[in-house]
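Protein chains in written order, with our numbering: chain A, 38 to 450; chain B, 932 to 1247.
Just so you know, these hints were derived from the structure itself, not from any lab.
Errors might be hidden in some of the hints.
Claimed, not checked - Per label pair, the in silico range of CB-to-CB distance:
1. A/L254 x B/K987: 52 to 62 Å
2. B/I1089 x A/D162: 27 to 37 Å
3. A/F339 x B/P1126: 27 to 37 Å
4. A/R180 x B/T1088: 44 to 54 Å
5. B/L1034 x A/P47: 34 to 44 Å
6. A/I390 x B/K987: 46 to 56 Å
7. A/K135 x B/I1089: 47 to 57 Å
8. A/E325 x B/G1057: 50 to 60 Å
9. A/R180 x B/D1120: 47 to 57 Å
10. A/L285 x B/K1002: 29 to 39 Å
11. A/D162 x B/G1057: 46 to 56 Å
12. A/L254 x B/Y1134: 23 to 33 Å
13. A/G295 x B/Y1209: 31 to 41 Å
The structure displayed is predicted, hence computed values, not measured ones.
Here a beta-carbon is modelled for each residue, glycine too, at the ideal position from N, C-alpha and C.
Okay, here's what each chain looks like letter by letter:
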Amino acid sequence: MMNQRRAHFPEGTDFFASLQTRYRVAAIWQSLFLSALLIAIISLTALLYNVVDGAFGYVAYDYKKDPATFTSIPVNELTKDDLLIILKENLSSGAYNKLDDEKKMETRSHADLYVLFLERLVQIDTKATWSMTDSLLRGAEIRTEAAEKYPDAQLEFRSWLTPQFLATPMSSKAEFAGVRTAILGSLWLVGIAILFALPIGVGAAVYLQEYAPKNWLTSIIQTNINNLAGVPSIVYGMLGLAVFVRTLEALTSGSAFGITDSNGRTVLSAGLTMGILVLPLIIINAQEAIKAVPDSLRQAAFGVGATRWQTVWHHVLPNALPGILTGSILAVSRALGETAPLIVVGASTFISIDPNNPFSKFTALPIQIYNWTTRPQSEFHAIAASAIIVLLVMLLTLNATAILLRNRFQRRY
Amino acid sequence: MKEEALKIKTVDVKSFRQVDLKKKTRVGESLIQILLFMAGVLSIFTTIAIVYELGKEAMLFFGDPDVTLVKFFTMTRWQPGIGQYGIAALVSATLTTSFIAILIALPLGLASAVYLSEYASPKARGVLKPVLEILAGIPTVVYGYFALLFVTPILKTIFEDRIQVYNMLSAGLVMGIMILPLIASMSEDALSAVPRALREGAYAMGATRLETSLQIVVPAALSGIGAAVIVGVSRAVGETMIVAVAAGAGPNFSFNPLDAAETMTGHIARISGGDLSYNTIDYTSLFAIALMLFLVTLVLNLISQWIVNRFREKYE
Chain A
38 MMNQRRAHFP
48 EGTDFFASLQ
58 TRYRVAAIWQ
68 SLFLSALLIA
78 IISLTALLYN
88 VVDGAFGYVA
98 YDYKKDPATF
108 TSIPVNELTK
118 DDLLIILKEN
128 LSSGAYNKLD
138 DEKKMETRSH
148 ADLYVLFLER
158 LVQIDTKATW
168 SMTDSLLRGA
178 EIRTEAAEKY
188 PDAQLEFRSW
198 LTPQFLATPM
208 SSKAEFAGVR
218 TAILGSLWLV
228 GIAILFALPI
238 GVGAAVYLQE
248 YAPKNWLTSI
258 IQTNINNLAG
268 VPSIVYGMLG
278 LAVFVRTLEA
288 LTSGSAFGIT
298 DSNGRTVLSA
308 GLTMGILVLP
318 LIIINAQEAI
328 KAVPDSLRQA
338 AFGVGATRWQ
348 TVWHHVLPNA
358 LPGILTGSIL
368 AVSRALGETA
378 PLIVVGASTF
388 ISIDPNNPFS
398 KFTALPIQIY
408 NWTTRPQSEF
418 HAIAASAIIV
428 LLVMLLTLNA
438 TAILLRNRFQ
448 RRY
Chain B
932 MKEEALKIKT
942 VDVKSFRQVD
952 LKKKTRVGES
962 LIQILLFMAG
972 VLSIFTTIAI
982 VYELGKEAML
992 FFGDPDVTLV
1002 KFFTMTRWQP
1012 GIGQYGIAAL
1022 VSATLTTSFI
1032 AILIALPLGL
1042 ASAVYLSEYA
1052 SPKARGVLKP
1062 VLEILAGIPT
1072 VVYGYFALLF
1082 VTPILKTIFE
1092 DRIQVYNMLS
1102 AGLVMGIMIL
1112 PLIASMSEDA
1122 LSAVPRALRE
1132 GAYAMGATRL
1142 ETSLQIVVPA
1152 ALSGIGAAVI
1162 VGVSRAVGET
1172 MIVAVAAGAG
1182 PNFSFNPLDA
1192 AETMTGHIAR
1202 ISGGDLSYNT
1212 IDYTSLFAIA
1222 LMLFLVTLVL
1232 NLISQWIVNR
1242 FREKYE
């Protein structure tokens, strides 16, 4: 490196010698810079690999009761009618009626009944799980190990991520748990958040870009929005807990509208909290989009006598729309992955009823991931990995849409 | 004047609508402007609501005879069971994890930014930049899973019995990876804002690319990089899910990264996740912690914005 304090710049052969050193140092540093990015790439790869690795692999499982005690027919040849009879005979009448109340037994699908048969009667019991890499590379070892440790257990290569996983609600047994309730909860949550935040956010952005005079109030609003974007999400959770869950309980629990069986910990409270959280994000993105609309458009509109609002509504907003939408999609993906405020606002970790109105109790995908990750049993880690894949695929789809939208409608003036 | 002008063209002016060119008061327009103004001001109310609600509950907390401000800031144990509320027990973990995170994220983020802004060809940028964007878009709870089920087992093989299952090192390292893209992209913005003329001046003097980058471009962008680091610290302090999953579930006054300890955010998440009844000291204590958290991140963010505005080098 150049030594600034050196009185004389090297000359002649000294110069070339020092040049060699300088080039060598430059090459070393360049590879150091690049290796920082390589570390980022390796981390990302490790993270994705770790998730996929957890979602597939061998499982050793055992039946608490032998299926043969219920029927003489081999398990995989049972018809729907057989299953109905077996369930009716072996379940206690209370349990059977409860299931029947949830959904008529006769109308349930074969797969559904089969799961009930496994879950309630033979009671599958996972003894151990292995990761995908282990299962693929050390298949033989695992087979001998499983045979030694769990002589009664069956070994099976299992994908924890199945269509069944997407379609079934939560269960206390990892083998039968699914993310249906969580996905629906997340959709409700994001829907409420965006319905709340998009109009207000775009309105605020329009005000700041098109109407606001340059004065102290405007600069306070602007600084404030930038600061809100940096407030930790868990603080928004505390705000939601104090305001939406507690103070406005009559509204958010629905008791003001005649719904009685609920407290303030509803999907509405959580959605509004999430809306407040993504609001600064939407405002900042919308401001950028509006800023990018050239002034000549506004001047032309004013020139033919349009009022300020007509100019905004007919010219500025349509031109800024792709940018605003891209920003909103990014806000949606932020809301989809945000966990901490939901924990504080009071998401239920165990809930098997689909949310069907704003006053429902709810759970969400990241909440399930958190809950399953923190359990000690490895089969819960496997379904946490599957849920992460579901979440990442949803986020990827959203972001791909945002990029397509940006490329498709991006205008250059 | 206007009527005369029209008469020349021999058009019957009576058939035109008379237009009054004076500025009219338009009720609709004003109404819309008021609505938009309210949307803009709502953000201020959000801040006021945060301060008011957190402050109100925190006041209740500090009003409790067991708690005094002095004890709150000086005691090193947080054990609500025996009436000990020393926030240092939580702050120590927040500091430790954030410090590890910045130790990882600052050099890596800055190096990435220099490479992307000064070295990378457009093609290489097209590949490398999305990697950082994907890293930035991954939900923090997924990082938590990664920390607990990937990084911790690796650390376990290195440190063996000296490391606990839940530990601050693993949480801090993964938090560093999470903050890396933030610092990289903010620093890169700062670096690319340095005008080409400065670089070309350096090249003309015979400087190598490295000398230009480190002695000309980076110093010129230093304020932006400083702002990026401060925002990074503020993100690390406020990060919840990674520490809630991987750092431990119990306040512990320790700065040893191999220990399990609970950060301020992790404590709020764990306690509020359980059944919490209003008007208990457990409930109000969370608001006191959240208020601290809010104030710390607010100050950090304000400093960062001030640096950007104050030291922004104006070229041309």
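Right, here's what the structure says about each hint:
no., hint, in the structure
1, A/L254 x B/K987: 52 to 62 Å, "violated (26 Å)"
2, B/I1089 x A/D162: 27 to 37 Å, "holds (34 Å)"
3, A/F339 x B/P1126: 27 to 37 Å, "holds (35 Å)"
4, A/R180 x B/T1088: 44 to 54 Å, "violated (25 Å)"
5, B/L1034 x A/P47: 34 to 44 Å, "holds (37 Å)"
6, A/I390 x B/K987: 46 to 56 Å, "violated (35 Å)"
7, A/K135 x B/I1089: 47 to 57 Å, "holds (51 Å)"
8, A/E325 x B/G1057: 50 to 60 Å, "violated (22 Å)"
9, A/R180 x B/D1120: 47 to 57 Å, "holds (55 Å)"
10, A/L285 x B/K1002: 29 to 39 Å, "holds (34 Å)"
11, A/D162 x B/G1057: 46 to 56 Å, "holds (51 Å)"
12, A/L254 x B/Y1134: 23 to 33 Å, "violated (47 Å)"
13, A/G295 x B/Y1209: 31 to 41 Å, "violated (24 Å)"
Of the numbered hints listed earlier, those contradicted by the structure are 1, 4, 6, 8, 12, 13.
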